[in-house]
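Colleague: Keeping the supplied structure of chain P fixed, place chain D upon it in accordance with the hints.
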Amino acid sequence: MIDWSGYLTLILEGALVTLQLTVMGSALALVMAFLAGLGRLSRFFVVRALATTYIEFFRGTSIFVQLFWVYFVLPFAGLTLTPLQAGVLALGLNVGAYAAEVVRGAVKAVGREQTEACVALNLSRYQRMRHVILPQALPLMLPTFCNNAIELLKGTAVVSLISLTDLTFQAQVVRAQTGNTLIPFTTILILYFAMAWAISIGMRWLERRMSRSLDGVRT
Amino acid sequence: MASPIIRIDNIVKRYGPLTVLDGLSMDVMPGEKLALIGPSGSGKTTILRILMTLETISGGHIEVDGEQLYHMKKGADLAPADEAHLHRMRKKIGMVFQHFNLFPHKCVLDNVTLAPILTQGVKKADAEKRAMELLDMVGMADKAKSVPAQLSGGQKQRVAIARALALSPKIMLFDEVTSALDPELVEEVLNVMKRLAAETDMTMLLVTHEMGFASDFADRVLFFDRGKIVEEGRPQEIFRNPRQERTQTFLRKIIAAGHRV
Numbered sequence: 043m044i045d046w047s048g049y050l051t052l053i054l055e056g057a058l059v060t061l062q063l064t065v066m067g068s069a070l071a072l073v074m075a076f077l078a079g080l081g082r083l084s085r086f087f088v089v090r091a092l093a094t095t096y097i098e099f100f101r102g103t104s105i106f107v108q109l110f111w112v113y114f115v116l117p118f119a120g121l122t123l124t125p126l127q128a129g130v131l132a133l134g135l136n137v138g139a140y141a142a143e144v145v146r147g148a149v150k151a152v153g154r155e156q157t158e159a160c161v162a163l164n165l166s167r168y169q170r171m172r173h174v175i176l177p178q179a180l181p182l183m184l185p186t187f188c189n190n191a192i193e194l195l196k197g198t199a200v201v202s203l204i205s206l207t208d209l210t211f212q213a214q215v216v217r218a219q220t221g222n223t224l225i226p227f228t229t230i231l232i233l234y235f236a237m238a239w240a241i242s243i244g245m246r247w248l249e250r251r252m253s254r255s256l257d258g259v260r261t
Numbered sequence: 008m009a010s011p012i013i014r015i016d017n018i019v020k021r022y023g024p025l026t027v028l029d030g031l032s033m034d035v036m037p038g039e040k041l042a043l044i045g046p047s048g049s050g051k052t053t054i055l056r057i058l059m060t061l062e063t064i065s066g067g068h069i070e071v072d073g074e075q076l077y078h079m080k081k082g083a084d085l086a087p088a089d090e091a092h093l094h095r096m097r098k099k100i101g102m103v104f105q106h107f108n109l110f111p112h113k114c115v116l117d118n119v120t121l122a123p124i125l126t127q128g129v130k131k132a133d134a135e136k137r138a139m140e141l142l143d144m145v146g147m148a149d150k151a152k153s154v155p156a157q158l159s160g161g162q163k164q165r166v167a168i169a170r171a172l173a174l175s176p177k178i179m180l181f182d183e184v185t186s187a188l189d190p191e192l193v194e195e196v197l198n199v200m201k202r203l204a205a206e207t208d209m210t211m212l213l214v215t216h217e218m219g220f221a222s223d224f225a226d227r228v229l230f231f232d233r234g235k236i237v238e239e240g241r242p243q244e245i246f247r248n249p250r251q252e253r254t255q256t257f258l259r260k261i262i263a264a265g266h267r268v
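In order, the protein sequences belong to chains P and D.
Residue numbering for the first sequence follows our numbering, starting at 43 and increasing by one per position.
Residue numbering for the second sequence follows our numbering, starting at 8 and increasing by one per position.
It is worth saying that the hints were derived from the structure and are not from the lab.
Every residue, glycine too, gets a C-beta built ideally from N, C-alpha and C.
One thing to keep in mind: the hints can contain errors.
[Claimed, not checked] No farther apart than 30 Å at their CA atoms in a straight line, the calculated lysine-lysine pairs in the DSSO-like style are these:
#, chain 1, residue 1, chain 2, residue 2
1, D, Lys-130, D, Lys-150
2, D, Lys-152, P, Lys-150
3, D, Lys-98, D, Lys-130
4, D, Lys-177, D, Lys-136
5, P, Lys-150, D, Lys-98
6, D, Lys-131, D, Lys-177
7, D, Lys-260, D, Lys-201
8, D, Lys-113, D, Lys-201
9, P, Lys-150, D, Lys-113
[Said to hold, decoys possible] The following label-pair restraints were derived from C-beta to C-beta distances:
#, chain 1, residue 1, chain 2, residue 2, range
10, P, Leu-203, D, Gly-128, 48 to 58 Å
11, P, Phe-86, D, Gly-30, 27 to 37 Å
12, P, Glu-155, D, Gly-30, 27 to 37 Å
13, P, Ser-84, D, Tyr-22, 19 to 29 Å
14, D, Ala-263, P, Arg-167, 38 to 48 Å
One chain only, chain P, in its complex shape (with noise of 0.2 Å):
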């Protein structure tokens, strides 16, 4: 007989290096999106560049290539990341990537009708888009948002691979120890979908908060 429950606590060491990781890499993303989001409409051309050369690239690469890249490659550079610092900068990268296509598309559905009421009111660019358009287009931001932070989640598996120890790497190592594959890969199968499950809760809640107002009940 298996004594489990010093399996399960190596695997509640992985759970809190995933979400480590989810965490991280979802500021990381979110700071990118707004970032090259923004940047993709901005009226300087280099800075359209910019912007749309990162979201392009990372879109159009494997994340398990740019994260192999960041963590054995970049030393030759001279830059030597540990595990986590390299998890977290290609997940942030990489989904941060995709995001800032849902930032740019949510500041543009706001419509031209209120960047020109804002003209009118002699607003100036930065005070147009503080004050008028990102507080109207962050709602519409927050579903896809959502689903981002739940591919980044489930994309930490892929660090497993540089051996960072998590949720993924110690199911294996339990399994390997074990023999037992049922246990170790149903546990984290349930961990995963609760951790998502959160992020899909939290999500909703900020969704609601955000949008009371703009439905017309102002507290």
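Modeller: Coordinates of chain D only, in the frame set by chain P:
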């Protein structure tokens, strides 16, 4: 004789191959109330949009309050206006839109105070006090805490008028402000504008299909067709005795469509 507050000199506006305004010139005197009428596509709304810097011009010059709108002096030459110049020029002009364009995420009061606070550095308390006066004037003071989604079209448009007035522009542009309203809501907006016209010495340009209102409101009526001013004059002359055939045809069609003259 005062000099014109708006001097439009030979402007051309093209959208690709389509020429909307073709060498248009006109002057507007300070305090004048001007009604621009004419069939759709005749370029009347385009003029307002150009004055509000929502469009660029393909040729010509516009002078507002003694300064070039789309050009600025660079040594002896005129250079295209930069954002800072446009920002300064926009202070003189306000606009009310056909579709109100209120900010849906802000309450009525915040819609009115946003621009004065951000662009004129007015303190929040002062901006709110002034906003309440303006909302009171347009009969919307009791809705100050409502959001636009809770208002009728007529109410939204009255808020939009208060919002534009909050910046105290010298020139106000009204672009078909009643066209998007249900017929029974038109009156309340027109009443606000009548009062405004009577009480202020603001220069006002109005694009409208409400001929009866144009007649009451305006000192001068301009009839546009195909990017040109076909006929202009006092309201009685234009509406009672139009000289040009195109004006006559247009007015006949409008009357046939059930609009009051």
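Colleague: For every hint, state whether the structure bears it out.
Modeller: A quick look at each hint next to the structure:
1. Lys-130/D - Lys-150/D: This hinted pair holds, its Cα atoms lying about 22 Å apart.
2. Lys-152/D - Lys-150/P: Holds - the C-alpha atoms of Lys-150/P and Lys-152/D are around 28 Å apart, at most 30 Å.
3. Lys-98/D - Lys-130/D: OK: Lys-98/D and Lys-130/D at ~18 Å, within 30 Å.
4. Lys-177/D - Lys-136/D: 21 Å, holds
5. Lys-150/P - Lys-98/D: 26 Å, holds
6. Lys-131/D - Lys-177/D: 23 Å, holds
7. Lys-260/D - Lys-201/D: 25 Å, holds
8. Lys-113/D - Lys-201/D: 28 Å, holds
9. Lys-150/P - Lys-113/D: 19 Å, holds
10. Leu-203/P - Gly-128/D: 48 to 58 Å: For Leu-203/P and Gly-128/D the Cβ distance comes to about 56 Å; the hint holds.
11. Phe-86/P - Gly-30/D: 27 to 37 Å: Cβ of Phe-86/P to Cβ of Gly-30/D: about 34 Å, so the range 27 to 37 Å holds.
12. Glu-155/P - Gly-30/D: 27 to 37 Å: 30 Å, holds
13. Ser-84/P - Tyr-22/D: 19 to 29 Å: 24 Å, holds
14. Ala-263/D - Arg-167/P: 38 to 48 Å: Check passed, 46 Å falls within 38 to 48 Å.
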